[in-house]
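Enquirer: The residues making up each chain are set out below.
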Amino acid sequence: MGTAGGGGTLRLPGLHGYAAEFSPYWPGRVACAAAQYYGIAGCGTLAVLEQNETGIVLLRSFDWNDGLFDVTWSENNEHVLITSSGDGSLQIWDIAKPKGPLQVYKEHTQEAYSVDWSQTRGEQLVVSGSWDQTAKLWDPAVGKSLRTFKGHEGVIYSTIWSPHIPGCFASASGDQTLRIWDVKAPGVRLVIPAHQAEILSCDWCKYDENLLVTGAVDCSLKGWDLRNVRQPVFILLGHTYAVRRVKFSPFHATLLASCSYDFTVRFWDFSKPNPLLETVEHHTEFTCGLDLSLHKCGQVVDCAWDELVKIYTPSCLAAAV
Amino acid sequence: MVAPFLPSSPRCSAPATPSSFAELLQLVQRGQAPAGVRCPNASPTNDSPTASRLPRPPKPWESVLPPSHSLPGSSGRRGALG
Numbered sequence: 001m002g003t004a005g006g007g008g009t010l011r012l013p014g015l016h017g018y019a020a021e022f023s024p025y026w027p028g029r030v031a032c033a034a035a036q037y038y039g040i041a042g043c044g045t046l047a048v049l050e051q052n053e054t055g056i057v058l059l060r061s062f063d064w065n066d067g068l069f070d071v072t073w074s075e076n077n078e079h080v081l082i083t084s085s086g087d088g089s090l091q092i093w094d095i096a097k098p099k100g101p102l103q104v105y106k107e108h109t110q111e112a113y114s115v116d117w118s119q120t121r122g123e124q125l126v127v128s129g130s131w132d133q134t135a136k137l138w139d140p141a142v143g144k145s146l147r148t149f150k151g152h153e154g155v156i157y158s159t160i161w162s163p164h165i166p167g168c169f170a171s172a173s174g175d176q177t178l179r180i181w182d183v184k185a186p187g188v189r190l191v192i193p194a195h196q197a198e199i200l201s202c203d204w205c206k207y208d209e210n211l212l213v214t215g216a217v218d219c220s221l222k223g224w225d226l227r228n229v230r231q232p233v234f235i236l237l238g239h240t241y242a243v244r245r246v247k248f249s250p251f252h253a254t255l256l257a258s259c260s261y262d263f264t265v266r267f268w269d270f271s272k273p274n275p276l277l278e279t280v281e282h283h284t285e286f287t288c289g290l291d292l293s294l295h296k297c298g299q300v301v302d303c304a305w306d307e308l309v310k311i312y313t314p315s316c317l318a319a320a321v
Numbered sequence: 001m002v003a004p005f006l007p008s009s010p011r012c013s014a015p016a017t018p019s020s021f022a023e024l025l026q027l028v029q030r031g032q033a034p035a036g037v038r039c040p041n042a043s044p045t046n047d048s049p050t051a052s053r054l055p056r057p058p059k060p061w062e063s064v065l066p067p068s069h070s071l072p073g074s075s076g077r078r079g080a081l082g
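For the record, the sequence lines run as chains A and B.
Once you know that position 90 of the first sequence is 90 in UniProt numbering, the rest is easy, because the numbers rise by one and skip nothing.
Once you know that position 13 of the second sequence is 13 in UniProt numbering, the rest is easy, because the numbers rise by one and skip nothing.
Isolated chain B (complex conformation) (with noise of 0.2 Å):
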């Protein structure tokens, strides 16, 4: 998008280092990339997790409430949508 009445911008190839957020906006309009920007190229390595070998804590919540509560289809839930 070019926006007619901003000043020209500058002819050198050197990224600017915007300011502002509104001067980032208009320099990334301008199609043009702000000083610093880093392209890191990334991609999977589809490698599998490492093993786990913690078993999952208890949530705080977990503790006080009684144990069929979070299970599921257990009786007596008062929710709307059990």
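Okay, chain A solo, but in the shape it has when bound (with noise of 0.2 Å):
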């Protein structure tokens, strides 16, 4: 399996992983998104998990009417968390409260597929992408979207804010692009027809605020240097199905993890010959959440439609930090 320990895993009976994150502020506390039957029919559920020595424990679970796909914490409240739904709403929780959520927001008109939470000290702002081909700007204490970014010319998979640049947010789409967009500006800062296939995932690199990843359907992850974006600045290969998910590593420059349809999770270092550190196979379904934790250096939780959630620390970040 290729784990070195400090882990464990969680069932989530009947429930279909979409979405696992780490809390900023608790090491060890997860919050996993997920839905019943692939999303498809039934509801969601928004489970919050710690690791102690024993394994993982279920420390709150909260349903919605419809799947959820995406989860991101607060970043000025640690107890706070918001979801985002097939339904196309984004809930607010709360996880000290044991009924939810406190918010709904409803505007989105299809699958609201991703929510970020911006990690850029002195702004809280939230950003949700949706199947309906837009991005929506949040303060997470009104109720109405401060804006929507409209461009896109498919369904949009993934939205993340920069970790570095204040206010500027990547969107991965169905559409082969990813873009770059900027609150303060009208219209799109960048576009970046990155893949000749559907664009599931972005992230930026932690350590060079010009540095994003991106991973398709074409079963690559592309680096894209924003000064020059003609060509790739790598292409990791290696993976059999879709990249579903994309994240760089909190603590190493050129460390990345993703996770696919081909049911595994593999860990990369794009600056070596032999990029392809680790290949991650303990789940048997589609493999669809996966986050680096933000305390403990090379610990990594992922969750699939396998039911199971797994947080772990692989050998090859075992051996590195």
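Worth flagging that the hints you see were computed from the coordinates, not collected in a lab.
Here the structure is a predicted model, which is why all the values come from computation and not from measurement.
We put the beta carbon where it would ideally sit given N, CA and C, even for glycine.
Incorrect hints may have been included.
Stated by the list, open to error - One side only, chain B facing chain A, incomplete, derived with CB under 10 Å:
| id | residue |
| --- | --- |
| 1 | Pro18 |
| 2 | Ser19 |
| 3 | Leu25 |
| 4 | Pro34 |
| 5 | Cys39 |
| 6 | Pro44 |
| 7 | Thr45 |
| 8 | Leu54 |
| 9 | Trp61 |
As the list claims (entries may be wrong) - Cross-link-like lysine-lysine pairs, in silico, DSSO-like; alpha carbons within 27 Å at most:
| id | chain 1 | residue 1 | chain 2 | residue 2 |
| --- | --- | --- | --- | --- |
| 10 | A | Lys106 | A | Lys184 |
| 11 | A | Lys97 | A | Lys144 |
| 12 | A | Lys296 | B | Lys59 |
| 13 | A | Lys144 | A | Lys184 |
| 14 | A | Lys150 | A | Lys106 |
| 15 | A | Lys296 | A | Lys272 |
| 16 | A | Lys184 | A | Lys150 |
| 17 | B | Lys59 | A | Lys184 |
| 18 | B | Lys59 | A | Lys99 |
Taking the hints as your guide, dock the two standalone chains into a single complex.
Expert: Below you can see the structure in the form of structure tokens.
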């Protein structure tokens, strides 16, 4: 299995995992967005888990009327989370309260597939991306979006804030482009025809503010330098089906992780001649959720349609750190 | 949507448990709910969030970058969008 302990597995019976995110406040605490029947029928569940000495325990779970596809933790309140749902709505949850959601913001007209809370200090902004081809900007304290970003010609799968440039986010779409937006500027800042296939995921490097990565249905990961987007700065090949989610390491400039419809999670160092560090095969279905801990260097969480959430440290990261 | 080439659907009202993704799709397209579907009827409580008591921990990359780097309007940023 290629894991070096320090983790565990939790089964969410009857639920297919879509996203897993570590808390920015509590080490080992994870939120998982999941759906009954792959999000096609039934409800969604937000599960809040915690890893301890014995494994993973379920702290709380909340149900929503439709499948939950993504989740993001608040950056100014350790209790608060936002999920995005198959019915196009966003839900605000408080894990200190047994009942929720606190608020529901419904503006997207189709599946809300991504939601992200800005990590830039001093701004509390949320961006959501939808199959209605728009991204929306939210102040989570206000029940109405501040702005709608139009331009994508396909569904939006991923919207992620730059960790460095205030008010700047990236979106990845089925229209095969990666787009860069500035909330203070009209229109789109950059359109990058990044793949000749649907792009399901993107992320920003934490140590180079101009570097992004995309993951697509063509099985590849590509790195993009915003100062010159004519050619990718790296291409990572190895997945055998669509790349569902990709994340840069919070600790290493050249390290990243990806999960795929090929059931695997792969770890890469794009600066190396042989960039694929490790392939973790511990799921038996589409692996959709993936995150790297901000507290414990090398710790990873992933979740899949096989109902399993796993927290672990892959061998390559246990050795490297 | 009616799929004319499918075998006729079971008449009984008991929800079926699809054994595959394709079977689930057929079931949903026929307007039938698969077994075990939950309808929580959730709605917003309009409650206020619990007050935050913890300071936001710095991100790992914030501890190595010069502080001015992440501030709006910082000079010397070489970004294409800066």
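Enquirer: None of the hints should be skipped; say for each whether it holds.
Expert: Each hint tested on the structure:
1. The beta carbon of Pro18/B comes within 8 Å of a beta carbon in chain A, closer than 10 Å, and the hint placing it at the interface holds.
2. Hint on Ser19/B is violated. Least Cβ distance to chain A is approximately 12 Å, over the 10 Å limit.
3. Checking Leu25/B against chain A by beta carbon gives a least distance of about 7 Å; that is within 10 Å, so the hint holds.
4. For the restraint placing Pro34/B at the interface with chain A, the shortest Cβ-Cβ distance is roughly 5 Å, inside the 10 Å limit, so the hint holds.
5. Hint status for Cys39/B relative to chain A: holds, with the closest Cβ pair at about 7 Å, below 10 Å.
6. Using the Cβ-Cβ criterion of 10 Å, the hint placing Pro44/B at the interface with chain A is satisfied: the shortest such distance is roughly 5 Å.
7. The interface hint given for Thr45/B is met, as the beta carbon of that residue sits about 6 Å from the closest beta carbon of chain A, less than 10 Å.
8. Taking 10 Å as the C-beta contact cut-off toward chain A, the hint placing Leu54/B at the interface holds, the least distance being around 5 Å.
9. The beta carbon of Trp61/B comes within 4 Å of a beta carbon in chain A, closer than 10 Å, and the hint placing it at the interface holds.
10. Note on Lys106/A and Lys184/A: the hinted pairing holds, with a Cα-Cα distance of about 23 Å set against a maximum of 27 Å.
11. Pair hint Lys97/A plus Lys144/A holds up; C-alpha atoms about 23 Å apart against a cutoff of 27 Å.
12. A threshold of 27 Å between alpha carbons decides the hint, and for Lys296/A with Lys59/B the separation of about 12 Å falls inside it, so the pair holds.
13. Of the pairs offered as hints, the one joining Lys144/A and Lys184/A holds, with about 18 Å between alpha carbons and a cut-off of 27 Å not exceeded.
14. For the hint pairing Lys150/A with Lys106/A, the CA-to-CA distance comes to about 17 Å; that is within 27 Å, so the pair holds.
15. With a C-alpha separation of about 24 Å, the suggested pairing of Lys296/A with Lys272/A holds against the 27 Å cut-off.
16. A hinted pair counts as satisfied when its Cα atoms are at most 27 Å apart, and Lys184/A with Lys150/A qualifies at roughly 15 Å.
17. Using a Cα cut-off of 27 Å, the hinted pair Lys59/B and Lys184/A holds, with the two alpha carbons roughly 25 Å apart.
18. The suggested pairing of Lys59/B with Lys99/A is violated, with an alpha-carbon distance near 30 Å, which exceeds 27 Å.
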